[in-house]
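Visitor: From first to last, the protein sequence lines stand for chains A and B.
For the first sequence, numbering that gives the first Met the number 0 begins at 0 and goes up steadily by one.
For the second sequence, numbering that gives the first Met the number 0 begins at 0 and goes up steadily by one.
Some hints could be false.
[Stated by the list, open to error] Counterexamples of contact, computed for chain A against chain B with all Cβ distances above 10 angstroms:
(1) Gln23
(2) Asp33
(3) Asn44
(4) Leu47
(5) Leu65
(6) Pro81
[Claimed, not checked] For lysine to any residue, the following SDA-like pairs were computed, each having C-alpha atoms within a straight-line distance of at most 20 angstroms:
(7) A:Lys41 / B:Ser165
(8) A:Lys34 / B:Ser168
(9) A:Lys34 / B:Arg164
Simulated from the structure, these hints should not be mistaken for laboratory data.
Heads up, the beta-carbon is just placed ideally off N, CA and C, and yes, glycines get one too.
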Amino acid sequence: MSLLKFLRSGNRQKSANIARERLQIVLSHQRMDDKTSDFLPKLRNELLTVISKYVNIDKDQINVQLQRTGDCSILELNITLPTTEEIF
Amino acid sequence: MTESEAKIIVVTSGKGGVGKTTSAAAFGAELAQHGKTVVVDFDIGLRNLDLIMGCERRVIFDFVNVIQGDANLSQALIKDKRNENLYVLPASQTRDKDALTKEGVENVLNELRKSFSYIVCDSPAGIERGALMALYFADEAIIVTNPEVSSVRDSDRIIGVLNSRSRRSELGLELKKHLLITRYSKIRAERGEMLSIGDVQEILAIPLLGVIPESPAVLNASNRGVPVTLDNPSDAKVAYQRAVASFLGIPETDSGEKGWKTRLLDGLRIFNRSTA
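The shape of chain A in the complex, shown without the other chains:
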């Protein structure tokens, strides 16, 4: 019984190692999010400037989102254009 326990404990991973691995994964995501949240508002503003050169749009008619699934990131832009008569 005690021998079995001994063999098992050898196999079991130390909890500190599990903590370290979990942290490394969660932080790699968190750091990416931090960087993204830094550039997204800027990107939104620059897009707004460019688009308003051609089309008359409001600040709240442009929506920028970044979605991450696994190792793939999707940048989603949603720009609502005004009705044709409002376009100059």
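Since the structure of chain A is already known, use the hints to place chain B on it.
Guide: Coordinates of chain B only, in the frame set by chain A:
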């Protein structure tokens, strides 16, 4: 004291309950041995620094009173009874954190710069207004971290905030960051039950300032309202003193002698406990 010589140090962590106020009080009291020091409580509505420093019954005016012009700085500052170089600026207990305006905080800090060498800002938990104001004007930051997953994650987050939302980061200047690991248990780390110093340091990737062991001395000191560094000899006291020396760039001299003295004191403490 000219303005350029004063240093603003924020003690922050993201997560609550890791030892920010304990560390701010211990640091402040030890820094006061080297220059005039004030510890400022930024936790508006939940003030506790006064209690940890043992001056809770002497609070008349507070930080918010000074910002709003209801009191002078000299009326709100509380001089420590144990060290004449140590002062506390308490937080308001009744107002909310919106009372901390950037201009208001800047004015108070500029006023403090004129007469203090070290201004220690005790940050509240979280990353809201109080915490952002506590770190915004900092020259250096002490990040208090427990060797535990949620604390390490939140420390990483606050390091990101320091890098992007402090005044020095906005000016493109470096903000020196120091890692202070608290509540560390060497035995548990060796058994693989707790993140080691190396693990935490590697993950957060900022220079290590010190390691404070898990110690009954910390609760004992807070019970009595004495900063750990002004209290009876203990492992935690030595660790905080070493951290402050390292912060000031004072080389560790006669560490051998210190070692046996500490060991002797530790031995006496154990003896005391067993007879009590």
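Visitor: Against this structure, judge whether each hint is valid.
Guide: Outcome of the hint check:
no. : hint               : verdict
1   : Gln23              : 7 angstroms, violated
2   : Asp33              : 4 angstroms, violated
3   : Asn44              : 17 angstroms, holds
4   : Leu47              : 22 angstroms, holds
5   : Leu65              : 17 angstroms, holds
6   : Pro81              : 35 angstroms, holds
7   : A:Lys41 / B:Ser165 : 18 angstroms, holds
8   : A:Lys34 / B:Ser168 : 14 angstroms, holds
9   : A:Lys34 / B:Arg164 : 12 angstroms, holds
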